[in-house]
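> Sequence:
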Amino acid sequence: MKINRKIAEKIIGFMLIAWSCVTLYITTISFKYILESLNLSWEEISIFNVIKNYHLLYIIPILTITSVVLLILNKRIGWIGSTVMSFVYGLWVLIVLLRNLFVDGVYETEVSNSDLIITSLITTFFLILGVALLHKVFREKYQPIKNTWLAMTLIIIVLSVDIFFNI
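Per my numbering, residue 1 is the first one in the sequence shown, and the count goes up by one each step.
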């Protein structure tokens, strides 16, 4: 079966943008709700601490949206970014699950089976998107070199470590 690259790019791009927009929306609503429930205003909180503690919740979706727009515009950096962000989203969900499963080094049995199934499906979904973007059709078009692969790997590692220590 022959893959139509343009259609595949748009479908993958749509899925990544939809997930990023939902993530941004939920993050913004949650943050607003937390501020209201604690009777805090923007003037009473430290912007530095907010950025330090919650930067990933905004940066990753914004980077993803930017990458997808560049992917749709047929830019190599868009392909690189979209591929990286697909893997990062999958790892993000997996890291959050693992952190919830092991609290203080002890296995928590309070995580429900439905949470495990949903997390597994979401992780698999994003990893499949990442692998799809690595298909031969895309590699031939964007012609990654050794430094491209190195940069992609380093970005995934850096963001994963940041997720692990900040979520």
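None of these hints come from the bench; they were simulated from the model. Hints are supplied without guarantee of correctness; some may be wrong.
[What the hints assert, rightly or not] The list that follows gives simulated cross-link-like pairs (lysine to aspartate or glutamate, EDC-like), each with its CA atoms no further than 16 Å apart:
| hint | residue 1 | residue 2 |
| --- | --- | --- |
| 1 | Lys6 | Glu140 |
| 2 | Lys52 | Asp162 |
| 3 | Lys32 | Glu44 |
| 4 | Lys75 | Asp162 |
| 5 | Lys52 | Glu36 |
Given the structure is predicted, the values throughout are model-derived calculations rather than measurements.
> Compare the structure with each hint and give your call.
Against the structure, the hints:
Of the supplied pair hints, the one linking Lys6 and Glu140 holds, its CA atoms being roughly 13 Å apart against a limit of 16 Å. With a C-alpha separation of about 11 Å, the suggested pairing of Lys52 with Asp162 holds against the 16 Å cut-off. A distance of roughly 13 Å separates the Cα atoms of Lys32 and Glu44; the hinted pair therefore holds under the 16 Å criterion. Taken as a hint, the Lys75 and Asp162 pair is broken in the structure, with Cα atoms around 27 Å apart against an allowance of 16 Å.
A threshold of 16 Å between alpha carbons decides the hint, and for Lys52 with Glu36 the separation of about 20 Å lies outside it, so the pair is violated.
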